[in-house]
Amino acid sequence: MNDALHTALTNRLLASADDELILAHRNAEWTGHAPILEEDIALANIAQDELGHGTIWYGLVEALTGDDPDRLAFFRDASQFCSAQLVEQPRGDWAFTMLRQYLFDAYELTLLARLAGSAYQPAADAAVRMRNEEIYHYRHSSVWVRRLALGTEESHRRMQRALNELWPLTGQLFSAQPGDEILMAAGYWPDFDEMKQSWMSVVMPFLEQGELVVSDLVDGPVDRSEHSGHLNGLLADMQMVARADREAVW
Amino acid sequence: MKISPSPPAPLPQGEGSQIPPYQSPPLPLPAGEGRTVSPVSTRSWGEGDAHLTDDIVWAALAEVMDPEIPVLSLVDLGVIRAVYLAGDQVTVTMTPTFSGCPALVEMQRLIKERLQALGASEATVNVVLAPPWSSDWINAEGRRKLKAFGLAPPPVHGGDVQIMLFDTVTCPRCDSDDVTVRNTFGSTLCRAIYYCNRCQDAFEQFKPL
Ligand SMILES: [Zn+2]
Chain A
1 MNDALHTALT NRLLASADDE LILAHRNAEW TGHAPILEED IALANIAQDE
51 LGHGTIWYGL VEALTGDDPD RLAFFRDASQ FCSAQLVEQP RGDWAFTMLR
101 QYLFDAYELT LLARLAGSAY QPAADAAVRM RNEEIYHYRH SSVWVRRLAL
151 GTEESHRRMQ RALNELWPLT GQLFSAQPGD EILMAAGYWP DFDEMKQSWM
201 SVVMPFLEQG ELVVSDLVDG PVDRSEHSGH LNGLLADMQM VARADREAVW
Chain B
1 MKISPSPPAP LPQGEGSQIP PYQSPPLPLP AGEGRTVSPV STRSWGEGDA
51 HLTDDIVWAA LAEVMDPEIP VLSLVDLGVI RAVYLAGDQV TVTMTPTFSG
101 CPALVEMQRL IKERLQALGA SEATVNVVLA PPWSSDWINA EGRRKLKAFG
151 LAPPPVHGGD VQIMLFDTVT CPRCDSDDVT VRNTFGSTLC RAIYYCNRCQ
201 DAFEQFKPL
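So the sequences go chain by chain: A and B. Heads up: the first sequence begins at 1 in our numbering, then just goes up one per residue. Heads up: the second sequence begins at 1 in our numbering, then just goes up one per residue.
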């Protein structure tokens with residue numbers, strides 16, 4: 001592997017890892033606060049799965065660079081993270097959380113299905129490993145989006161409001177970052193434009209069935225170095241214990 | 001509000017890509033056939049010196065229990081993939097069940113501890129992701145123990161977990177198939193919650209993966 005490919009792969013794996021870690025943290029914020037007990041349990045499970053996926057991605061980064069996953073999670077500042085703004089947003093209400101999860105699950109399944117054929121074997125193995133777990137998430141979040149979208153006037157209104165806020169942030173998931181063209185040429189990572197088309201072909205009809213209106217494409221963030229103002233607060237909270245006591249074990 | 005099994009949206013598929021169809025990982029072979037054992041595994045290390053064999057190691061691993069389901073051994077669970085012996089140095093290859101399973105670290109520790117108690121001079125546990133663990137790998141004995149424990153065993157799905165999510169679950173107490181899924185997520189990552197309409201009581205299922 002030449003240096004350019006090594007760097008591009010490291011950055012992309014780190015982006016996937018950061019997405020999972022940040023989303024897991026946002027979902028974990030619901031623990032003890034979800035509207036019903038079953039959902040509290042479900043979302044805690046989903047958060048734990050995403051954290052597991054993050055651990056796998058960080059492990060692949062470690063295999064390339066020797067970076068300790070705990071250091072990557074707890075001792076980097078916002079400017080060093082590569083997470084997408086979609087996952088950084090505060091948890092919002094239940095509609096917002098479920099729709100964010102649905103949009104991300106659909107993206108993740110689209111990615112994992114293709115990545116299973118990656119020429120980079122460790123990524124292919126990881127994708128196959130995660131895919132069946134992700135199917136559970138997708139089924140769960142899609143049932144909730146449909147239920148709330150077609151529920152009461154109030155639940156529909158909240159779902160539409162969530163969509164208006166989240167939709168502009170979805171483009172960043174499918175935006176190739178500097179170096180990604182090298183990965184795609186090497187067959188290491190799937191084509192982002194094709195993934196976006198495929199994702200749209202699933203997500204759009206589903207949202208329409210829920211009588212949700214997708215606003216005209218508003219230009220959202222593209223570059224993953226652009227973070228929302230929310231990441232700093234999240235990291236302060238997530239990294240507090242690790243930074244307060246570097247010898248802490250849990 | 002109850003979690004009703006209303007139909008979920010169609011899954012995003014891998015169409016238009018180079019993805020090979022997902023193949024279910026091979027089932028572990030019965031004892032004695034196809035276990036990965038180094039050629040020196042049964043070598044004796046001198047007179048009176050107790051030596052490890054693959055049979056001894058596998059039998060010992062069959063006594064190491066899953067920390068979350070204490071009736072099920074790691075061998076029943078299908079997470080032990082291979083045992084390599086070099087004299088009395090033992091290397092065990094294992095694979096995690098669910099990616100985020102917090103029991104993984106504990107399992108590694110328990111395996112090491114058991115192997116050291118067995119007399120291994122060095123015990124190493126390697127964790128591999130491929131081939132990915134499947135609930136199809138839980139052996140017949142494991143399925144029997146799960147049911148006796150009150151956990152419905154996962155249906156064998158042959159690699160396509162989607163079609164099995166809500167079907168072919170029977171109550172571990174009365175064997176009725178008149179059951180309703182309550183939550184596809186449960187008290188641990190590997191459990192779902194069902195309700196048996198005949199017993200009129202809830203039960204847990206070991207989720208197909
Ligand atoms: Zn029953």
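Hints may be right or wrong, so weigh each one.
Derived DMTMM-like pairs (lysine to aspartate or glutamate); straight-line CA-CA distance at most 25 Å [to be verified]:
#, chain 1, residue 1, chain 2, residue 2
1, B, K147, A, D70
2, B, K112, A, E62
3, A, K196, A, E181
4, B, K145, B, E122
5, B, K112, A, D68
6, B, K112, A, E38
7, B, K145, B, D88
8, B, K145, B, E68
9, B, K147, B, D160
If you're looking for bench data, these hints aren't it; they were derived computationally from the structure. What you are looking at is a predicted structure, and each value in this text was computed from that prediction instead of being measured.
Taking the hints in turn, this is what the structure says about them:
For the suggested pair K147/B and D70/A, the alpha carbons sit about 38 Å apart, so the restraint of at most 25 Å is broken. For a cut-off of 25 Å, the pair hint linking K112/B to E62/A stands: about 24 Å separates their Cα positions. With a CA separation close to 16 Å, the supplied pair K196/A and E181/A stays within the 25 Å bound. A threshold of 25 Å between alpha carbons decides the hint, and for K145/B with E122/B the separation of about 32 Å lies outside it, so the pair is violated.
For the hint linking K112/B to D68/A, the alpha-carbon distance of about 23 Å falls within 25 Å, and the restraint holds. Distance check on the hinted pair: K112/B and E38/A sit about 36 Å apart at the alpha-carbon level, beyond 25 Å; violated. This hinted pair does not check out: K145/B and D88/B have alpha carbons roughly 32 Å apart, beyond 25 Å. Pair hint K145/B plus E68/B holds up; C-alpha atoms about 14 Å apart against a cutoff of 25 Å.
A threshold of 25 Å between alpha carbons decides the hint, and for K147/B with D160/B the separation of about 23 Å falls inside it, so the pair holds.
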